[in-house]
Each structure stands twice: as C-alpha cells, then as structure tokens.
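*Asks:* Based on the provided sequences and hints, a complete structural model is requested.
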Amino acid sequence: MAEHARYDFKNPVARWFDSRLPILTMTKVHALDYPTPRNLNYFWTFGAILAVMLVVQIVTGIVLVMHFVPHVDFAFDSIEEIRRDVNYGNIIQKMHQVGASMFFFAVYIHIFRGLYYGSYKTPREVLWMIGVLILLVMMATAFLGYVLPWGQMSFWAAKVITNLFSAIPFFGDAIVTWLWGGYSVDNPTLNRFFSLHYLLPFVLAGLVFLHIWALHVPGNNNPVGVEVRPGQDTVPFHPYYTMKDLYAVVVFLILFAAFMFFAPDYLGHPINYAKANPLVTPTHIVPEWYFLPFYAILRSIPDKLLGVIAMFGSILILFALPWLDTSPVRSANYRPVYRQFFWLLVIDCIILGIVGSNPPEGSWLIIGRIATAYYFLHFLVIMPLVGFLEVPRPVPASISEAVLPAGSAFKAAE
Amino acid sequence: MSRTLPLIALALIGLSAAFAPALGLEEKHPAKDVGFSFEGPFGTFDRAQVQRGYQVYKEVCSACHSMTLMRFRNLGEPGGPEFPPEQVKAIAAQYKVTDGPDASGNMFERPALPSDPFVKPFPNEAAARAANGGALPPDLSLITKMRAGWSGRLLTLYTTQLIKGMGGPEYVYSVLTGYEEPPKDLAAEAPEGKFYNPYFENGHWIGMPPPLSDGAVTYADGTKATVDQMARDVAAFLAWAGEPKMEERKRIGFQVMVYLVVFAALLYLVKRRIWGRHEP
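So the protein sequences, as listed, match chains A and B.
So in my numbering, the last spot in the first sequence is 415, and the numbers never skip.
So in my numbering, the last spot in the second sequence is 1316, and the numbers never skip.
Simulated from the structure, these hints should not be mistaken for lab results.
Glycine included, C-beta positions come from ideal geometry on N, C-alpha and C.
A couple of the hints might just be wrong.
Claimed, not checked - Label-pair ranges, simulated between beta-carbon atoms:
1. SER1151/B with ASP174/A: 20 to 28 Å
2. ILE1288/B with ASN42/A: 56 to 64 Å
3. GLU1216/B with ALA264/A: 17 to 25 Å
4. ILE1199/B with MET67/A: 41 to 49 Å
5. GLU1075/B with PRO237/A: 47 to 55 Å
6. ALA1139/B with PHE75/A: 26 to 34 Å
7. PHE75/A with ILE1199/B: 15 to 23 Å
8. PRO237/A with SER1073/B: 47 to 55 Å
9. PRO1227/B with VAL60/A: 29 to 37 Å
10. THR1080/B with ARG21/A: 52 to 60 Å
11. THR1104/B with TYR184/A: 23 to 31 Å
To be verified - Every beta carbon over 12 Å from chain A, so not counted as near; a handful from chain B, in silico:
12. PRO1077
13. ASN1110
14. PRO1121
15. ASN1142
16. PRO1157
17. GLU1237
18. ILE1242
*Replies:* See below:
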C-alpha cells in the first residue's frame, strides 16, 4: 500500500482522527481488506492460533505474577498457594503451564507447514527468519518459565542448561558464574530468570509484529505456491479469514481445554511437584516434551562443546533454509521427491523426541546418533540436491486454475 | 520413489514406542490399579472416604509426616472432606501452636485455629531424621502429585496415564499395602532397619515400617478398618490434599467444553455461509 493512501471515512470524527494517526486506515488495509489467497487450508490458521496463545500466556502470566514470590524459599509454596487459595488460581496456573505446551504444539505445526509449502522461499526469506528468531525467543522464555516454580525438575533443568555454557572454551566457567549470579543455581538465578521471563514475551510480541509486517509486504504464500494474481485469486481477509481463523482457534481451544481441565499433569513431570533440592539429583533429568528432539541431539554427540553446537545449530540452520533449498517450486504438492523427504524429516524429529525421553545408552544412543545425522543431512545435503535433481510436476499458472473446476459457474461469471 | 519409505519409518516409530521401556521405571513394580471415585472427567471425592482418610492420616501418618501446605480450614471447604465448621474448630483445637510475641514480648501457646497450618510432627528436618533412623519422612501435601504410579512400555504407559491419570493415589495405596517378605536373593543384603517394598519409588528398601495394621483406627461410620480399606481411604484423602480444587476444575472444565463445542459448531456454520458466497 502507498504510505499516504487514506481510506475515505464517512464519519467526521473518524476522518479527523485518521488524518492525524492513520490507525483506522491501517486496520482497514491490513486487517479487513487485506487480499488473501482464497485457497489457504486449515494449516494456515495456526498463525492466528499462535497469536491467541501468546495473548493467553501473557494474560495468565500477568495474573500469576501478582501472586508469585520469586525467592528460593517461597517460590514453590507460592505456586501451591495459587493452586489452593487464589480464586480460580488452580485453573489460571494450569492454563499457563499447559498453555506453554499447546503454544509449542501449534508452533511446530506452523513451522512444518512452512517447510512443506516452501513458505521460506523468495520473497519471504525475512518473514521466515523472523519466524526462526521467534522460535528461539519462545524456547528461551519457556525454559526460563519452567525454572520459576522451583520444583526438582525446574532446578535441575536450570543447572543442566546453564552448565551447557561451560563448554565454551576459555570463558565457559566465567560465563556460567555470570549467568547464575553466583557459584551455583540459587536465589540470584531465580530472580534474573523471573525478570527475563517477564521481559521476553513482550520481545516476542514485538517480533510477532515484525513477522506480520514482513508477511503483509509479499502477502501470504498458499498451498499451490504460485504468486496470487489480483482479482479472483484472493478474497478480503475479513470476513473470510477472520471467520475461518476464529473457527480454527475455538477448535484448538477445545483441545487445549481438554488437557488443561482433564489431564493437567499429563504433559509435565510428576517430580516437579517436589520442591527443589540441590542435594538430591533426580534419577532422570528430562526436559518438557517440546525440547526432547533438541535434547536428543545434544546428548547424541560425545563431545560436550560439539553437542551444544549441534543443538543450537539444529535451529540456527533454519536461518539458511531459503538458500539451502535450491528448487524454484514452493509447494511440496508439486515436488514428488522432496515430499517424501519432508515426511521423513517429520518422522526423524519424532524419533529424536522419543530418543530424547530415554537415557542415552545402548540402542537409544545409536538411534539418536543416526537420527541426529539424518536431521543435518536433510538440510545440508538432501535439500540442495533434491532441488537440482528432482523433476517437479507442472505447476498451475494461477490459484484459480488449481482450485476451480474448469468452466465453473464462478469462473464464467468473472 | 514412492510413499513406502516414510511408511516404513513410521512403522519403526510405532514399534519402538510400543516396545521401548519407559524412562527409568524398569525395576519398579507398577502401582496396583485400584479404582477411586475421583477418577475420570466427572469423578468427585467420596466425602465419607476422605473424612476417614483424614482420620487415618491424623491417627497414624501424622506421627511422622507433615503436611505443610494444608490448613485446618481446608477440611471444611467445599470439594473435600467438608467437615462441618464446628468440627473443623474442634479438630484444630486439639493441637497446640506457639504464637506471639505478646505485649510483654513472650511467646505463648494457644489452641490451633482453623486458619493455622497442620501441626508438624518435628520442628525441623534434623529432628525428623534423628527420630527416624536417619530417613526423612516426606511431607505428604503433594505426595499423590509427585509420584507416578504406572510403568511399562512407552505407548502403553502414555495411554494409561491419559486414561487413568498419573497414578499417584494408586502409588500411595500400593506402598501402604505392598510390604512383603524379601525374595531369597535379596534378603541377605537387607539394610539395617529397612523393609522390603517393591512398590517404593527409590529402590526396594523403605525406611518406614509397615504403618497400618487391621483395626489401627476405629471408624466412626462403622466401616471395617482393614489395611486395604485404610490404605484406600488415606490415598483418597491425600489425593484431595494434593489438589483441593479438583472438583472445581472438573466442573468448570465441563462447562467450558460444552460452551466451546457449541460455539465451534456455530462458528463453523457462519464460516460455511460466508464462504458459500465465493464457492462455485
């Protein structure tokens, strides 16, 4: 849209206001009239679902902060007091905790949707890279938040993850001491984690704004993967996608509510209901399910520093995706070979998740190493090669050609 | 290339998930699967059972185990044993707590009030250990939440946990009723003052002597106080103590689910009508 374009509002107050701060025009252009490909499937609704989840986490989080005490002696009991004595606290606390799981569940679907339909390809590289940044900040936020209840797994997760930085040559130990604010995971650690856990969600909100901005410049990708042509390829965002997204959000909330109300402890570890005890190490220190694949990568490499590099590399590699994929065709629907490898990657990630939940010994270690190797192989070798070697199926010239039956009434009417 | 490759890989996942032993639970006996009234999406606590369970805790367990998160008033709140207010006051008044300082700066003893926390059996951890042969009797406020009852193959385990919950109350029941003679090969290595209990979380040897015996308490409602009955009752009481707002959670959960399902159905119809304008 042109910078100076103004919507001609009939209402004089609206016109007066909009000419001074064009927020109404912005809303009209970017939320209501925004031309959206008409063929987006339900995988595209996860953007809206994620936006809702971010709001849920921030709102429940702000309420929790009103009752939480960030001190090693009181943090655990204050969470319990929320569950016991705060009005509806049991529900709000679970909404936040289970919400984190649902947030990741949605973000993983969102990411794999982008992988399948080639949403990272030109001209959406920056959109994609902001997305990877959002994932990183989300992971940091989730980890910091997991430490706050100061349960056994909270404490030992903090210990294990911060200790990863000791693998850095020369400065490792100094950095860990700096992160802890002392010589062990203790009150200063809890306090700074609390501070950062409150800060990062707002950073996330800012990144989400940039993400949407970067989306609205080239417009949405779509399941066919060809650029939209003005006119019959698009529909206005409102009411078509506001309604479709809203419906999907509510269906997602049903799943969320099912876990939250009827299996609130299912996605967590029972041992985190035990207060942190620096003197007793749990038999198995395992992260929440959404970190398991990365944990598996970390532990499948015998060298600590290389393991840490591989773990972070497994996410950072996504930044390079737009240039690792050499195929000009976006949608995997028209890429018969890549599509197979896409599903293999999905399966590989699930295997890594299962491996991550098991001790790194025996056959688990071997499976973990193969799966880790395959993960990197997929991005570094398979993706570039398949792009060169594969013969894609013919791509339709336009969305309308792909989605509308030939000679349909709609087409005739245009 | 066909779809077979991903399918084979998927089958491998299925197999590994079905046969893989779950994390670290290989040696422990899975808990005995006893039925409780509070299981399932509509399950509620059996008031009489939770009241009996409190009696078992008070007369047996509380000699060694604290429950620091509980207050006497909880015993009268909705969703739990729901003792009448006078009875809650009377229960609290049986305990003495230290309060103060008074106007002249002295601490004094007074009968406990409903707002006071459950009185701890030992003043501190060292005293608790000293009185229990070095072992620390854990606080029981969250015991049914912090212990997982089930074990087994991953896929079965995850299904069981989804359907039956994490198995904490069943764990408590199983430990209380799980004392047995150690197997021949283990009997020789029995540690001093420990008892064999294959259901115990941290190895087979538990520091707690079998706490229950038939008739250990006398139930006011005439229920026969067998070991099995008392173990069930106290497990139910501890399950309530672990989440006193469970009934509220399920009740609101049901209302939310009904609301969301109806709302989703309506949204779907609206969405279909709107998109109908543009479908050929």
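*Asks:* Using the beta carbons of ALA1139/B and PHE75/A, state whether their distance is inside 26 to 34 Å or not.
*Replies:* holds (29 Å)
*Asks:* Could you check the hint for me, namely that THR1080/B and ARG21/A are 52 to 60 Å apart, CB to CB?
*Replies:* holds (59 Å)
*Asks:* Given the hint of 15 to 23 Å, check if PHE75/A and ILE1199/B actually sit that far apart at their C-beta atoms.
*Replies:* Violated, at about 36 Å.
*Asks:* Kindly confirm whether 29 to 37 Å is satisfied by the beta carbon distance between PRO1227/B and VAL60/A.
*Replies:* This hint is violated: roughly 52 Å between Cβ atoms.
*Asks:* Could one say that the CB atoms of GLU1075/B and PRO237/A fall in the range 47 to 55 Å?
*Replies:* Because 49 Å falls inside the window, the suggested range holds.
*Asks:* Please verify that the nearest CB of chain A lies beyond 12 Å from ASN1142/B's CB.
*Replies:* At about 27 Å from chain A, ASN1142/B clears the 12 Å cut-off, so the statement holds.
*Asks:* Does PRO1077/B really sit off the interface, with its C-beta more than 12 Å from all C-beta atoms of chain A?
*Replies:* violated (5 Å)
*Asks:* With respect to the beta-carbon atoms only, verify the hint that PRO237/A and SER1073/B lie 47 to 55 Å apart.
*Replies:* holds (54 Å)
*Asks:* Okay, ILE1288/B versus ASN42/A on CB: inside 56 to 64 Å?
*Replies:* Cβ of ILE1288/B to Cβ of ASN42/A: about 33 Å, so the range 56 to 64 Å is violated.
*Asks:* Would you check whether the claim that PRO1121/B is not at the interface survives, using Cβ distances to chain A and the 12 Å cut-off?
*Replies:* holds (18 Å)
*Asks:* Do the beta carbons of GLU1216/B and ALA264/A sit within 17 to 25 Å of each other?
*Replies:* Since GLU1216/B and ALA264/A have Cβ atoms about 33 Å apart, the given range 17 to 25 Å is violated.
*Asks:* GLU1237/B clear of chain A by more than 12 Å, beta carbon to beta carbon?
*Replies:* violated (9 Å)
Of the hints listed earlier, those the structure fails to meet are numbers 1, 2, 3, 4, 7, 9, 12, 13, 17, in rising order.
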